[in-house]
Amino acid sequence: MSRLLRTGLNAGEAAPMAVVGGEGVYFHLADGRKLIDGSNTGGGLGHRHPAMVEAIRRAADTPVVNEGWTWVGREQAADDLMTTAFKGEEDWVGAVRFCISGSEANDMALSLCQALTQRSALATRERAYHGITGLSRSMTVQPQWHGGLAVHAGGSKLPAPMAPVRILPAPDGAIYGAPANNTPPSEYLADAPGLLSDTAATIIDYTQGGIYYDGAYQDEVARCARQAGSYWIADEVVTGAGRAGRWFVFQGAQSRPDIVTLGKSLGGGAAAVAAVVVSKDIVERLKGTSWQNYGTLRGHPISMAAVSAYLKVVSEDKILDHVQSLEKLFTRRLLAIAQKHPSVQRVAGQGLHWTVELHGPDWRAWHADTTEVPIASRVAERALEAGAVIGTSGEQTSLFLAPPLVISEWEANQLLDALDHGLEIADKEHG
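Numbered according to this note's numbering, the sequence shown spans residues 3 to 433.
Incorrect hints may appear among the rest.
As the list claims (entries may be wrong) - EDC-like, lysine to aspartate or glutamate: derived pairs with alpha carbons at most 20 angstroms apart: (1) LYS282 with ASP93; (2) LYS36 with GLU411; (3) LYS342 with ASP422; (4) LYS330 with ASP216; (5) LYS342 with ASP429; (6) LYS342 with GLU431; (7) LYS282 with GLU92; (8) LYS282 with ASP429; (9) LYS289 with GLU431; (10) LYS330 with ASP422; (11) LYS159 with ASP371; (12) LYS342 with ASP419; (13) LYS36 with GLU383; (14) LYS289 with ASP93; (15) LYS330 with ASP419.
To be verified - With beta-carbon atoms standing in for the labels, derived distance ranges: (16) ALA162 with ASP283: 41 to 51 angstroms; (17) PRO163 with ALA117: 11 to 21 angstroms; (18) THR185 with GLN256: 19 to 29 angstroms; (19) SER199 with GLN256: 20 to 30 angstroms; (20) GLY196 with VAL153: 34 to 44 angstroms; (21) GLU92 with LEU7: 18 to 28 angstroms.
Honestly, the hints are just simulated from the structure, not real lab data. Please read these numbers as outputs of a predicted model, since none were measured by experiment. Glycine residues also receive a C-beta, built at the ideal position from the N, C-alpha and C atoms.
Using the sequences and the accompanying hints, generate a full structural model.
Structure (structure tokens):
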């Protein structure tokens, strides 16, 4: 019997597959199989990337310096982030504070906005996920991710919310299965000024629940937030640092956020690290204050070495160009796969993050409080037969593809072939 208290993304009680190693874009399993890692948003450069391994090896020979002490590597990582990823954004971007996880980054950003505005209410969009720690948990409005207990015999035991939450309509923007009429955001966000009127912050992300980037939507949300005196936070924990084929998704529109939160790929898969990047205006507002939010291991030397190494690899190896090229491949092939499989209801995505949603029950009714294996999980399980890991985010009918940014065209096609194979089981059930 394992002494580890397990958790997982899927319903039921089955133990996850046992990973014993990895190389490049592959997982190595205890049973000897090698599987393409097709759903790991935290491993932007895959497994054991030489530059990341060397950076961590060097950093392991440094002292443990907590967040309260100045550390030269932390200063360097901040400079590297600003001069590399935020190049061209110098007119508004102010400073960065490092932390450990995306959930923590969002919680820090949201609580800062509450302190600055002296308001409690917060806003997000429908089907959002922002984490399960502190205020980020309250802002996660996918019903199965509540930070409590999903009882397998039925029912859920939820912790109390930490703040009033306002929920904005979401854009669609699918490449397959989108609504016939593309209503402009100004119409379906007509009530946004009223919803945001008492909020401290409005946070939006660009992948969760299969809801992807929409520049016109971003600009309209930003306009309404500013009008309401609500800080706008761009949650780029998944999309930031290259997954969308540019450093940040928000750069595709005119508006610029007050705060950007980062995580996942920022450490190149070699270290747990996240960040809160604030505007110059917020830096000015913080003068004469002490931000009383502290973490002993935030900005750890190993994490900082990983950030600097990752930024260098992405820049020097032209990873963003590679992601943009593969986006075309994924668009073409996923459209063909959707047209082939009647079980597919919707396909949406960008860069190297894609969602395939199946026909089935409405996501609003899914709480993961059952031992029944959802159809998405069964598709993912069948895809393992074809040599690839495909994610589900714990949802009943949604699959997601998020391979390492260094995946080759041949490996990408193998991953998509595995999805094609897995969907056959969904087609049989769909009838």
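How the hints compare with the structure:
no.	hint	result
1	LYS282 with ASP93	holds, 8 angstroms
2	LYS36 with GLU411	holds, 18 angstroms
3	LYS342 with ASP422	holds, 9 angstroms
4	LYS330 with ASP216	holds, 18 angstroms
5	LYS342 with ASP429	holds, 10 angstroms
6	LYS342 with GLU431	holds, 15 angstroms
7	LYS282 with GLU92	holds, 9 angstroms
8	LYS282 with ASP429	violated, 52 angstroms
9	LYS289 with GLU431	violated, 60 angstroms
10	LYS330 with ASP422	holds, 18 angstroms
11	LYS159 with ASP371	holds, 10 angstroms
12	LYS342 with ASP419	holds, 12 angstroms
13	LYS36 with GLU383	holds, 15 angstroms
14	LYS289 with ASP93	holds, 19 angstroms
15	LYS330 with ASP419	holds, 16 angstroms
16	ALA162 with ASP283: 41 to 51 angstroms	violated, 33 angstroms
17	PRO163 with ALA117: 11 to 21 angstroms	holds, 19 angstroms
18	THR185 with GLN256: 19 to 29 angstroms	holds, 20 angstroms
19	SER199 with GLN256: 20 to 30 angstroms	holds, 23 angstroms
20	GLY196 with VAL153: 34 to 44 angstroms	holds, 37 angstroms
21	GLU92 with LEU7: 18 to 28 angstroms	violated, 46 angstroms
Hints 8, 9, 16, 21, counting from the list given before, are not met by this structure.
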